[in-house]
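Next come the chains, spelled out residue by residue.
Protein chains: 2
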Amino acid sequence: MSALPPGSTIGILGGGQLGRMLSQAAAQLGFDVCIFTDEPDSPASRVSAKTFVGNYLDRAALTDFARRVQVVTTEFENVPAETAEALIEAGARVAPTPAALAIAQDRFDEKSYFQSAGIVTPAFKAISSQVDLDAAIAEIGAPAILKTRRLGYDGRGQIRIKTTADAKGACEKLGAPGILEGFCAFEREVSIIAARGSDGAVAFYDINENEHTGGVLSRTTLPANVSDQTIIEAQTAAQRVLEAFDYVGVLTIEFFVMPDGSLVANEMAPRVHNSGHWTIEGALTSQFEQHIRAVAGWPLGPTTRIAAIEMLNLIGGDANDWPQLAADPTARLHLYGKRDARAGRKMGHVTKLKSS
Amino acid sequence: MSALPPGSTIGILGGGQLGRMLSQAAAQLGFDVCIFTDEPDSPASRVSAKTFVGNYLDRAALTDFARRVQVVTTEFENVPAETAEALIEAGARVAPTPAALAIAQDRFDEKSYFQSAGIVTPAFKAISSQVDLDAAIAEIGAPAILKTRRLGYDGRGQIRIKTTADAKGACEKLGAPGILEGFCAFEREVSIIAARGSDGAVAFYDINENEHTGGVLSRTTLPANVSDQTIIEAQTAAQRVLEAFDYVGVLTIEFFVMPDGSLVANEMAPRVHNSGHWTIEGALTSQFEQHIRAVAGWPLGPTTRIAAIEMLNLIGGDANDWPQLAADPTARLHLYGKRDARAGRKMGHVTKLKSS
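In the order they appear, the protein sequences are chains A and V.
First residue of the first sequence: 4, per the working numbering; consecutive thereafter.
First residue of the second sequence: 4, per the working numbering; consecutive thereafter.
Isolated chain A (complex conformation) (with noise of 0.2 Å):
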């Protein structure tokens, strides 16, 4: 594809705080934006030119978007097929490609994929009854943990399994396809931002190093305590990744970290990753920066870190602390603009550059 020329129409589906940090990069290098959410006042709307508010199953609404903007992008993957379909339908160019959306969507076929490209996971099996679960139990053994196939996020639609008991009526809580994934005695969680831009050129982040509380990632730092060993492994993995799927834009894969050093694939997001955040200070391109140059066709930016990191999420009360946070001088402060600091929302970020 040719560049897209400054003054061109970045469309995003989605309208929460990874759509806010896009728009906002996209508008750096002159592009206007324009989102589509189902969200009326949306974080994203506030920072962006314009705004389509409409379900993503309305093809009316889709078509007209479509027909407004260069290229679509995505700040979230569970985009439902029909939504894809009916954007290149309208002739909306999408990027990243739908199938890499629609793999990212089900646990288990992106477990599968996984697998199938040689990128080692934790054991699953596919449970669409008690009778699946406690043979996949048997196999796979306890403890071992429970989660729908689709649309679970930040630790929801889980359920632990720590001993062969909590499997009884565990499928019927669960409520929808399942998977059972085996439990990994990692050491340690990290992520890679990796981004392909049209021309085929691949980009690698530092690795991230995550931890999470309640299923929510807390705490991103860098450089990771991996070795070169480790980081290789985590790089080989994404950029296959991105070839298969002709990808274009940023990919990111979450791995465990095993005690010898090599890595479990834990889930891929087709998208920007909290665990990116500190790209914004961090290093010479943004990850919101490199995604818009991925999908308008233009080269990627160089992916330098220039200091060590400690990025902190403020999930719901957290923020309340913005007056210590908006007075400590070491705190870069992200506020998203949600008008409601609930329980386990995240509201914004704190990005901490340290000299390495």
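Keep in mind the hints are simulated off the structure, nothing from the lab.
Selected chain V positions facing chain A (in silico; Cβ < 7 Å):
| no. | residue |
| --- | --- |
| 1 | P9 |
| 2 | Q31 |
| 3 | L32 |
| 4 | D35 |
| 5 | R49 |
| 6 | A52 |
| 7 | P305 |
| 8 | W325 |
| 9 | A329 |
| 10 | L338 |
| 11 | G340 |
For glycine and all other residues, C-beta sits at the position ideal for the given N, C-alpha and C.
Given chain A, work out where chain V should sit, using these hints.
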């Protein structure tokens, strides 16, 4: 004043690139932004939650605007006195103070104020007739420069008087009340960007060394090639102005550096400034965030510079080089979303971070 909580709305007068970058900084801190501009489809409005398009003298529109925002600030100094008055009558808090805006609108008042504050300026005389001009040239000598007292910027409204012969008819050609300024045989041009919080705290950015082409800033570099004594002199002048006006926000003063290192004040801008655009990538707190922090009653952020800097303005057709600039790994590209690359128009800028 107490600090405005995130979710408050900040009003900005003006829809240009300074308003655009202020708006993006405000959004990052969780504020909504409402732009008031007389320009439909302005660069700032395309990244802001709401825009009022109206005349700056339309009291009804200004009253409506004032009631929807918690503080009003500005991206330009030529805000009509009637505008500030209408906003204050409608109950708006306006920062910085209209008195500082008023002084900066008139080159004669500004230089008179500088002198009263012990800040050295070029020789100057108010000019309202050819008789005035001839007398002023007899006193100040040539070369000199005749400028309109009001509404000049980027070299507009200026007539160079190289020899006394150039004075003939110059007053009529200027067509407005003027000021004759003596020529300064300066060695270089610098500017200081300073900020004062509502708590009275003052912060300075490192001094900018500036090059102009055709009266328009073309290049800013840091560190500036000046002595510590010169830096202290600039900081002292800025602090004096900030305190005299009980100023809240970012203030810029441009100086000539004389061969002996002493400073001669050229002009002040009661706002963020083109020579400070490098602070987006090059300082821990950008000038835009700093200004928003100040007018919102937040503590100032740290101004530490993290690298040596070269900032290049993209004027008029320069922005057509975007494909080359996008591919340059040393260039952080900013485009302002202006539709029309007219000659002399500021279309964007590029910041290069270099190892110090």
